[in-house]
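Number of protein chains: 2
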Amino acid sequence: MATLEERIRVASGEGEADLLIRNARVVDVFSGQIEKKDVAIFGGVIVGFGDYPARETIDVKGDFLCPGLIDGHVHIESSMVTIPEFARAVLPNGTTTVIIDPHEIANVLGIKGIRYMAESAKGVPLNVFIMLPSCVPATHMETSGATLRATDLKRLFKEPWAIGLAEVMNFPGVIFRNPEVLKKIEMAGGKRIDGHAPMLSGKGLSAYLAAGIRSDHECSTLKEAEEKLTKGMWIMIREGSTARNLRDLLPLVTPKNSRRFLLVTDDRHPKELLEEGHINSMVKQAVEWGADPVLAIQMATLNTAEYFRLDHLGAIAPGYRADLITFDHPERFRVRKVFKDGVLVAEDGKMVVPSGKPTSRFGRGVGFQVKGSVHIGPLKREAFVLRSDEPLAKVIQLIPNQIVTKKAVREIPLREGVAYPDVGKDILKIVVVERHRGTGNIGIGFVRGFGLKRGAIGSSVAHDSHNLVVVGTNDQDILKAVREMKRMGGGLVAVSDKKVVASLSLPIAGLMTKASVSEVNLRLNTLHRAARALGCELPDPFMTLSFLSLPVIPELKITDKGLVDVNQFKIVPVFGEDG
Amino acid sequence: MATLEERIRVASGEGEADLLIRNARVVDVFSGQIEKKDVAIFGGVIVGFGDYPARETIDVKGDFLCPGLIDGHVHIESSMVTIPEFARAVLPNGTTTVIIDPHEIANVLGIKGIRYMAESAKGVPLNVFIMLPSCVPATHMETSGATLRATDLKRLFKEPWAIGLAEVMNFPGVIFRNPEVLKKIEMAGGKRIDGHAPMLSGKGLSAYLAAGIRSDHECSTLKEAEEKLTKGMWIMIREGSTARNLRDLLPLVTPKNSRRFLLVTDDRHPKELLEEGHINSMVKQAVEWGADPVLAIQMATLNTAEYFRLDHLGAIAPGYRADLITFDHPERFRVRKVFKDGVLVAEDGKMVVPSGKPTSRFGRGVGFQVKGSVHIGPLKREAFVLRSDEPLAKVIQLIPNQIVTKKAVREIPLREGVAYPDVGKDILKIVVVERHRGTGNIGIGFVRGFGLKRGAIGSSVAHDSHNLVVVGTNDQDILKAVREMKRMGGGLVAVSDKKVVASLSLPIAGLMTKASVSEVNLRLNTLHRAARALGCELPDPFMTLSFLSLPVIPELKITDKGLVDVNQFKIVPVFGEDG
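Quick mapping for you: the protein sequence lines, in order, are chains P and U.
Here the first sequence is numbered in the working numbering, starting from 166 and rising by one per residue.
Here the second sequence is numbered in the working numbering, starting from 166 and rising by one per residue.
In isolation and in its complexed conformation, chain P is listed as follows:
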């Protein structure tokens, strides 16, 4: 790291720059113009334009040069890989900075999980800033691995990487002034507080904003985004693996208001990371759909940096960090060279330096115990037996391609007071096994829509508390799935006839692996094929599974504490039409 003195000296023309990028069409996010010039870099920082003596020169021959892209809101856990592997996947796509919300790992490991994420970013050529999870656990109707109270966050806010409070999903908690929620907001002090308030409007939205929350990534309609914009929110346009809002929201963006828009992915699974890319795919898509290229780039660079007050990022100017990318043409936006801190790290879609291992031993997980997070006692299949005198049960009914479910009431086969799945009618058993504290909690219910004819599939990725969730045609295969997840320390599994037919181990908090994004993707493909072989026609049954325990999304869900009627926001008995 160069000193301030050295940097100024080289900028003034004395001494040698480290690198001169020549013949670049520089995208000036300040003026909105593109001009051909040379860019000098020293000590990882841009020091000037024009003719500088330099130790190394790279002629980019008229390629366009813009700031490294920034993802303003992403849960890296959704990609199931560690930060070094995530970096290796997104850097060739031009992403040099991510603002992460480690909400998932925090639900499993609490502060330890957040610190592990921070540590594992050290030494990796990707800027990683952390918004502190605001809602751990998400509800009282489930058992999470940790509880983060305001006082817990207080210490973390002192860390340089902790730049704000992450999406305050508990918007009723804000509007109805839950003291603990307000304490967290007050604790954030002057730091940014991200919002998460789908469909909230009118006075409810005003109340939410009066608390000081200033962004939202849940807008799905123009009207919703318009109101949020006018009420002072930065609009994070999201294009995740499933939730995709770019096409719907883009028409709202004009040169007059564009500074208030940011691009984010929220969740990108390995498949989309590999096939579409990352923020670069959003820039390209925006331009295809009519956005001015510089404006699209601003939404992926300067705007995000300004919102998060990352003063040295998001622009090409003296004093800014030399996180830069070249691309072929604004219409195609094919990323060619990626420079992180002035070092060429990726080219033509491939890393050209080692992806970077964390320099911190804690980042490598040593001393942090991020593994071994599955804590359950010995289990027998009797644990999954459900008894009833009456046959009518509330059944979770999937809706294709959505994470909301419906409540269906169906007759369940009973034999000697024991309820059984009805595979012919696609009524399968679903269980959620608490896996953090060894409480022995098991939620048992029924689900329609998976279509499994035999076997079971299970996941330790199960929003938001990440207990073990399994859907199966019989208790023995369900038990095998649970035991396999326990053995792996977490992961995804497909079981048939008491045998594991496919799996992906996710030993880090039961959420992530040290494997690469492409290895994970291969494993996932195998798992999907296995599920199909068992009769399941869903495009991504494991993702579907992972949202069935999320008790904040209507209508019927299940946690380790039992079946949850989300509209009533309470635990209800499986049997009986009412309650």
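Hints are computed from structural coordinates only; laboratory data are not their basis.
Be aware that a few hints might be false.
Copies of one chain are not kept apart here, so a pair can be met inside one copy or by any two copies together.
[Claimed, not checked] In the DSS-like style, the derived pairs of lysine-lysine whose C-alpha atoms are separated by at most 27 Å in a straight line are: (1) K388 with K202; (2) K590 with K572; (3) K388 with K201; (4) K663 with K356; (5) K421 with K618; (6) K590 with K202; (7) K618 with K571; (8) K202 with K226; (9) K323 with K348; (10) K356 with K319; (11) K522 with K679; (12) K356 with K287; (13) K348 with K388; (14) K287 with K201; (15) K664 with K545; (16) K545 with K388; (17) K201 with K663; (18) K545 with K663; (19) K572 with K226; (20) K571 with K323; (21) K436 with K735; (22) K618 with K590; (23) K663 with K536; (24) K536 with K319.
With chain P held as given, fit chain U onto it using these hints.
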């Protein structure tokens, strides 16, 4: 002050708002649109739009409503009044926030002067944020009342009102890496660092910016502003009492780049405050010269708030402070009502509440000793005698309406080895008496351009060290002027035949008075008339005088240490063509 809980409650529609502003055409600085709506206020903060029950309702009958205006860079000392009186002058013009650089009082009183400014803003209905003076003293060629080193600033940076490092005028000090200058920059940490770099360009500018400086208010040409914009500076467009750049720079501003432009006054003297107004005059002027009204308002509100990270200012939205103004029409921009923290403080050009006295006793000057800053021993007129054997002297030649001067060489009348003014040829004597530390330093020289036929005029406002500067036709009147300034504890004075013919006492640091802006203006008019009666034709001889001791502005200046050749940046003898 309402609690967060109360604010959210009222925003949600429970309970009563304090005030509902009805039928306002609200300028939405986020979307760039203007829409008719009602604005609800509680606890000094905007809580929502639309129908709210409220204790008080004000129907503004279709008037436009925009955020209170912000002056991004102003030296209040130039208005010669205290903060409460400055507030009383600018609030009716719609200014609700000022970012001040107390450079002048810091040169006299150091940290004490800065703290006095901060304290005297308490209880005044004007947001006052302070950028810490970076260059005290301005040069080594003068004696100031204080020296502010990096270590002195360190403690001040912890104060909530200290939001950054003020204009780093010493740009050679940055470019050539003066360790003390760099230390101050490093001390600012992540806070804003304002620039001041007239005409700096190319690698010099890049070096300056590589230090982390991010704004400039000294652009005078389009080309200059264009380079600074592209290199990452926020451009503060200045319209002071003398330096006026709006007309020249406005053509550069487009919807694509306008977020990087701010409006500032830098220095506004009583006359212009009274006759033109404040930031409102700039908005009006910009619109007259073709700017989109919302864009002009953004430059006076949101942009400035964003640059300085004043998150709760500069917009009309839930959670923002209710600093609001109404005006008749975007084309005329006549400010009608001014609300500070939701309270109507001014209407139709007049304060409607007491202007506010500082609630802090220190703010009233008690315990701070901001008075009594003129420290000089007994003086006789022999002190002003200048001896020489040779008649050729370097004479400061005024240039009409400029603060730069020329070096002229003229023959000075000598009698018995003593040099005398040559009133017939408009060669007058100028003296600078050190007044901070009682060093006895007196700089003596000659000046052309004042045209006094008799008497003398003097000022304790004398940039940047604010020693006593007097121009006179004879030593006795010069002495009288010095003695009167000493008696007043600082101020401006016109003397004729050893009698004071007009004066303005400025007892606070020799720079400011507790009188109102209009009282000061009346006194200044009297002083100007007196100077005219003595033969001086300059429009503002006292202001001209106040810049003659500023040794950073070419070409020939004078300080308590003697005559300064600014181009050589050194003290030179008065007599002899060379040296």
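Status of the hints after comparison with the structure:
{"no.": "1", "hint": "K388 with K202", "verdict": "between (41 Å within a copy, 17 Å between copies)"}
{"no.": "2", "hint": "K590 with K572", "verdict": "within (16 Å within a copy, 102 Å between copies)"}
{"no.": "3", "hint": "K388 with K201", "verdict": "between (40 Å within a copy, 17 Å between copies)"}
{"no.": "4", "hint": "K663 with K356", "verdict": "neither (51 Å within a copy, 62 Å between copies)"}
{"no.": "5", "hint": "K421 with K618", "verdict": "neither (56 Å within a copy, 58 Å between copies)"}
{"no.": "6", "hint": "K590 with K202", "verdict": "neither (67 Å within a copy, 56 Å between copies)"}
{"no.": "7", "hint": "K618 with K571", "verdict": "within (22 Å within a copy, 97 Å between copies)"}
{"no.": "8", "hint": "K202 with K226", "verdict": "within (11 Å within a copy, 54 Å between copies)"}
{"no.": "9", "hint": "K323 with K348", "verdict": "both (16 Å within a copy, 24 Å between copies)"}
{"no.": "10", "hint": "K356 with K319", "verdict": "both (12 Å within a copy, 22 Å between copies)"}
{"no.": "11", "hint": "K522 with K679", "verdict": "within (11 Å within a copy, 64 Å between copies)"}
{"no.": "12", "hint": "K356 with K287", "verdict": "both (22 Å within a copy, 25 Å between copies)"}
{"no.": "13", "hint": "K348 with K388", "verdict": "neither (31 Å within a copy, 50 Å between copies)"}
{"no.": "14", "hint": "K287 with K201", "verdict": "neither (35 Å within a copy, 51 Å between copies)"}
{"no.": "15", "hint": "K664 with K545", "verdict": "within (16 Å within a copy, 109 Å between copies)"}
{"no.": "16", "hint": "K545 with K388", "verdict": "neither (53 Å within a copy, 79 Å between copies)"}
{"no.": "17", "hint": "K201 with K663", "verdict": "neither (65 Å within a copy, 67 Å between copies)"}
{"no.": "18", "hint": "K545 with K663", "verdict": "within (13 Å within a copy, 110 Å between copies)"}
{"no.": "19", "hint": "K572 with K226", "verdict": "neither (60 Å within a copy, 52 Å between copies)"}
{"no.": "20", "hint": "K571 with K323", "verdict": "neither (43 Å within a copy, 55 Å between copies)"}
{"no.": "21", "hint": "K436 with K735", "verdict": "neither (35 Å within a copy, 69 Å between copies)"}
{"no.": "22", "hint": "K618 with K590", "verdict": "within (10 Å within a copy, 112 Å between copies)"}
{"no.": "23", "hint": "K663 with K536", "verdict": "within (26 Å within a copy, 91 Å between copies)"}
{"no.": "24", "hint": "K536 with K319", "verdict": "within (26 Å within a copy, 44 Å between copies)"}
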